[in-house]
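Assemble the complex: chain A is given as a structure, and chains B, C and D must be docked to it using the hints.
4 protein chains.
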Amino acid sequence: MSGNTFGKLFSVTTFGESHGPAIGCVIDGCPPGLPLTEADIQPELDRRKPGTSRHVTQRQESDTVEILSGVYQGVTTGTPIALLIRNEDQRSKDYGNIAESFRPGHADYTYWHKYGVRDPRGGGRSSARLTAPVVGAAAIAKKWLQQQYGTVFKGCMSQLGDIVVPFQDWSHVPNNPFFAASGDAELIARMEAAMDALRKDGDSIGAKIDVIAQNIPVGLGQPIYDKLDADIAYAMMGINAVKGVEIGAGFQSVVQKGSEHGDQLTPQGFIGNNAGGVLGGISTGQDITVSIAIKPTSSIRTPRQSIDKDGHPVMVETFGRHDPCVGIRATPIAEAMLALVLMDHALMHRAQCGDVQVHTPNIAL
Amino acid sequence: MSGNTFGKLFSVTTFGESHGPAIGCVIDGCPPGLPLTEADIQPELDRRKPGTSRHVTQRQESDTVEILSGVYQGVTTGTPIALLIRNEDQRSKDYGNIAESFRPGHADYTYWHKYGVRDPRGGGRSSARLTAPVVGAAAIAKKWLQQQYGTVFKGCMSQLGDIVVPFQDWSHVPNNPFFAASGDAELIARMEAAMDALRKDGDSIGAKIDVIAQNIPVGLGQPIYDKLDADIAYAMMGINAVKGVEIGAGFQSVVQKGSEHGDQLTPQGFIGNNAGGVLGGISTGQDITVSIAIKPTSSIRTPRQSIDKDGHPVMVETFGRHDPCVGIRATPIAEAMLALVLMDHALMHRAQCGDVQVHTPNIAL
Amino acid sequence: MSGNTFGKLFSVTTFGESHGPAIGCVIDGCPPGLPLTEADIQPELDRRKPGTSRHVTQRQESDTVEILSGVYQGVTTGTPIALLIRNEDQRSKDYGNIAESFRPGHADYTYWHKYGVRDPRGGGRSSARLTAPVVGAAAIAKKWLQQQYGTVFKGCMSQLGDIVVPFQDWSHVPNNPFFAASGDAELIARMEAAMDALRKDGDSIGAKIDVIAQNIPVGLGQPIYDKLDADIAYAMMGINAVKGVEIGAGFQSVVQKGSEHGDQLTPQGFIGNNAGGVLGGISTGQDITVSIAIKPTSSIRTPRQSIDKDGHPVMVETFGRHDPCVGIRATPIAEAMLALVLMDHALMHRAQCGDVQVHTPNIAL
Amino acid sequence: MSGNTFGKLFSVTTFGESHGPAIGCVIDGCPPGLPLTEADIQPELDRRKPGTSRHVTQRQESDTVEILSGVYQGVTTGTPIALLIRNEDQRSKDYGNIAESFRPGHADYTYWHKYGVRDPRGGGRSSARLTAPVVGAAAIAKKWLQQQYGTVFKGCMSQLGDIVVPFQDWSHVPNNPFFAASGDAELIARMEAAMDALRKDGDSIGAKIDVIAQNIPVGLGQPIYDKLDADIAYAMMGINAVKGVEIGAGFQSVVQKGSEHGDQLTPQGFIGNNAGGVLGGISTGQDITVSIAIKPTSSIRTPRQSIDKDGHPVMVETFGRHDPCVGIRATPIAEAMLALVLMDHALMHRAQCGDVQVHTPNIAL
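These protein sequences, in sequence, are chains A, B, C and D.
Residue numbering for the first sequence follows the working numbering, starting at 1 and increasing by one per position.
Residue numbering for the second sequence follows the working numbering, starting at 1 and increasing by one per position.
Residue numbering for the third sequence follows the working numbering, starting at 1 and increasing by one per position.
Residue numbering for the fourth sequence follows the working numbering, starting at 1 and increasing by one per position.
What the hints contain is simulated information worked out from the structure, not anything from laboratory work.
Computed from a predicted model, the values in this text were never measured in an experiment.
Every residue gets a Cβ at the ideal spot worked out from N, C-alpha and C, and that includes glycine.
Some clues are possibly wrong.
Per label pair, the in silico range of CB-to-CB distance [claimed, not checked]:
| id | chain 1 | residue 1 | chain 2 | residue 2 | range |
| --- | --- | --- | --- | --- | --- |
| 1 | D | Pro-313 | C | Asn-175 | 51 to 61 Å |
| 2 | D | Asp-355 | C | Pro-166 | 13 to 23 Å |
| 3 | B | Pro-35 | C | Ser-171 | 29 to 39 Å |
| 4 | A | Asp-169 | D | Gln-60 | 52 to 62 Å |
| 5 | C | Thr-64 | B | Pro-35 | 51 to 61 Å |
Covered stretches of chain A (chain B as the covering partner; in silico rule of three or more C-beta atoms under 8 Å from a C-beta of chain B) [claimed, not checked]:
| id | stretch |
| --- | --- |
| 6 | 139-149 |
| 7 | 279-286 |
| 8 | 310-322 |
| 9 | 346-355 |
So here's chain A without its partners, still in its complex pose (with noise of 0.2 Å):
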């Protein structure tokens, strides 16, 4: 109820801060049977993990996952998975000077006001860092969700800035440091050149994520209010800067006309995916597809007008090691995000409706 819990039935509840001993989450609810190690997890975290190029943070973090429980001889046995990561790389004083007035921006200044005490280390609870466990958590739901449906996951910048990335291939992601599915050097050039005249003015800057999901069941998703779509909008809202959700043909459908946005069916399957997968709240089978607007960092090096826990004006500047572009980071978090609605209402359809069927074999989607 005080929000650290994600999901129903695959459940996640995370702890920790920037700068404590260690951050992680409990697992609940994820089927027994499924083989499991640190392995399957370690390659999902390195994803996400910071200091992978010059343009996200400089923090040294190895991000090593420990399983403390739920396991037993590598496979899972239905009782709740604990991942532990210990922060190794934790450096108060670079937020001494933060500690007493709000960054424009940043949470710093809701925080005080809501709890009246705030761990300012790096932001403390509020820092994207918390995001390594979920993404942790994550890799067991896409685990699962392969296994029993080959489900898979794939996400890539499609804007940094002004520089609007053409989707080309899922295939280039993972060769350039800003997720694009883009094999255009130049372009990639252009991205790098951005990223370091911000670095170098100490600013930030907003960036476009699209993640789709392929191969679901279906029949996933609640009618009213759990609809899968308002679960995925809640999903990716909750990530760390964003500001935008779109489902589907997302804010397009404002212009479009009805005969244009549903999407026809033929006995080989759909035509067209306006709905982005999903009709009503529950999925159609077709790939669930999802954009989302990252806003800039907020703790950036510029010197901006603030206030201080008294009231007072203060101009404030930090010195910490940030992400220049918190987007570039956030495509495995929104990934692992959408794993987690999917995997939560898997299981919830079961519970309803028995055993999923995957689909109906005549309707190619």
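For chains B, C and D alone, kept in the frame of chain A given last:
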């Protein structure tokens, strides 16, 4: 868990189908001592009800609400408040022709595959008619929030298809059939003409809706998953036909720099509101600002390709009474969902931190 | 969260007060495809309803149930099932004299202090009348469990005050006004005489009720907090007037040795059932056996000391229509609560482990 | 939902197995601003830990707790508090002989059938060792309740097998190895002798435990399903080996008349406490009084009939280190569960009704 309850502490459980005997809801968690009669609820239902202009469905429903419980001598008792609305204008025959096939863009296909059984009368449970009980429940939340903090909710249509409606003033909203915050008679006439053309063509169109909440205490929202903005996104994406949600600057954040996006603070308050009233998932005390994209109605007269339950190709046309733009009646619904989210968070905050301090007096928000 | 919903996956949200316009519930999570009409529900309500003998309250209620939603063409659709029961015999005047003071042993005092407002008509929300909707909801659960696993529920009164009722056979239960599993006419006559004396004295008496569930799959229940027996204890202690709950050997376990208590196993099944069908919080496949202690009705004619709202001493007598032993009508209610617990756990188990295997064939349970 | 989280607003999610690397929990919902260090928690863990006398398991565990998050500069921040306890004395070999068969009275059988996989080391997740994290979490709840309302918790063993322990005074509890509220040296010696004989025989025995909470505000509890007593019954029956729960007069209520059972009120307070501090599911402000029945330990050296996984008959003896009476260490656990229930309800009440008024001054409770 099956997705028919909205909210955790102020919980609204709805029931009913478009053409069943009745629709309604049970509201659990309303604080005791709130003066309440049907007269507090009916006006909100009237703003949303069908048949108020030629641009919305012509179904005739008085949407008369009856309070069945939870109120004694005109005051809430802290026990569940049940609201009942009898369906008056049921016409099952209008839908007979689509019971065996799937309308493109409609929940027909997914309900059928999920449940193996489907109530085709007026879309059954997937009908937008099911937003009526929520609007009723939200009237109670609005009254409590207004009384407690002076909170007010406002909404308007900001785009109808490709017709953008520049914001002039909230006072115009009730004076046109579109909830447009504009007194520009020529613009309204253009919207009317566009709707008339669509109706003639048997087609439909999308829309964009903006809603805001004013006079919100600082500190509402939970930091990680039940972020205030995440719950708003969940609530909005859960409204029928919504495909996109933005908070504050929304997708515009993608092209903003950190030095531009982060709202600076002065002793007199924030400068700007790119945050949309939420930082780190917690309310800042500024206006909460939300925009949503609504797809065109999927039930249209234009014939389209589809399949029947056996997978055979069919042409589908829909002849019932439908809103040619579901966005028109979405404004009070979006306000209602926003009110329910804030009500729930207000109670949650009170659980965790005690009675709410509205905000520090020297910050003019 | 405000405690008016029972169950997580098969959720029953009730509403209403003893003398309000109606009582009822919304059942969310019923699997689709279950044949269902009012005729499946009414007989269970009739077993519980008032006025069936001179030993229970003489309030005249037909307790006629109306299904408002969730059923189409006689089959559940997977959407919420709302049940409505109109109150017919409201007599607010019977309770006027106690509106300003607190009956000893009654919820009057605590409701008043909790909410600061109280509906005194017939005990308002605290009336045992509110068990009617749950009995209705449980009729649906019973039908599903019966169809799925052959599960049956049975209950009887095993003690009325100091009159112990030795178990003879379940077939006797409907043949006497006490739900006694006894064909001993002399014993029944003694119970009738005891009740007549109490009624004459304006006093009331406690009772003990036993309920069992037969043909339960192995494996229902969660290991740590949502143990099957913990949820049963929660359900039973939540019934009006219950002060004690036992599973299996219950308080007799205190004096047992481990070598005696632990039910041994053979290839033909368990020897004995001290466990009451639950080990480690999970069903063994044996009968689930439960006993509950029910306190005497608190509304009695005998004058007693109390205070009024201002803390001044008063004498309180209650003249309304009451059950002189609330235990008499508790048998169908206890069965109902047990059915709701098992239904919820059956769905939960299905979510986590897939479709339930009833049990290994070589274990005769 | 998978039953590893206790509480809704003060939520404790536990993880770990008896012989895994670590056990622990995440506490979500602790109000901010509570001074907290490990020194507040360790003493409660020490009361419960193994090896404190020859009458409990000889497993050597320091049960040293580490706070991983949620505390900054010695004060809770409102974010999740993770507690970690490393397992130090793991002996997997002790349990090798029972990995393939089922101990009578133990969770072996049900875990195996539920999950199809089972961690047999020390009972895995079903071990009473898993009560340690809850005791740790409850130390925090106790501190908050004490600070807020002056609430205190007390517990004692009132019966060991057939040896009844008459209550003398709470001050005796820490001065004997049984948590007996008795200074009767002869009685304690008799209990010691009984335990010595059991240990020699390789058998075990049941016990009865009483716990109370004092200085509780009036008004905690929800009226229908989340009644305070229902939640207490759930919490208590969920403790390992508990088979019965009573509130107030408990099973004694069965033979009481209404004129005797209902606690009368005077301007100075209640006369008597048959209610056990709860009326209509809501606290009266009197002491909350609870009794529980604990079955004898199921792991005993005495050989018994059982079956193996293939259904073949086997004889089972258990040679590991076990408590010959699990009831002995149950007292601090029962106190802990009671504290967690009251904490949760205190927050829930605050959500619904605002900051709690402890009680009206003219009622001496």
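Here is how each hint holds up against the structure:
1. D:Pro-313 with C:Asn-175: 51 to 61 Å: 43 Å, violated
2. D:Asp-355 with C:Pro-166: 13 to 23 Å: 53 Å, violated
3. B:Pro-35 with C:Ser-171: 29 to 39 Å: Since the Cβ atoms of Pro-35 (chain B) and Ser-171 (chain C) sit about 55 Å apart, the hinted range of 29 to 39 Å is violated.
4. A:Asp-169 with D:Gln-60: 52 to 62 Å: Holds, since Asp-169 (chain A) and Gln-60 (chain D) (Cβ atoms, about 59 Å apart) stay within the stated range.
5. C:Thr-64 with B:Pro-35: 51 to 61 Å: Since Thr-64 (chain C) and Pro-35 (chain B) have Cβ atoms about 33 Å apart, the given range 51 to 61 Å is violated.
6. 139-149: The restraint on the stretch 139-149 of chain A is violated, since only 0 of its residues have a Cβ under 8 Å from chain B and three are required.
7. 279-286: holds (count 7)
8. 310-322: Per the Cβ count (3), the hint holds.
9. 346-355: holds (count 5)
In the structure shown, a violation is registered for the earlier hints numbered 1, 2, 3, 5, 6, in ascending order.
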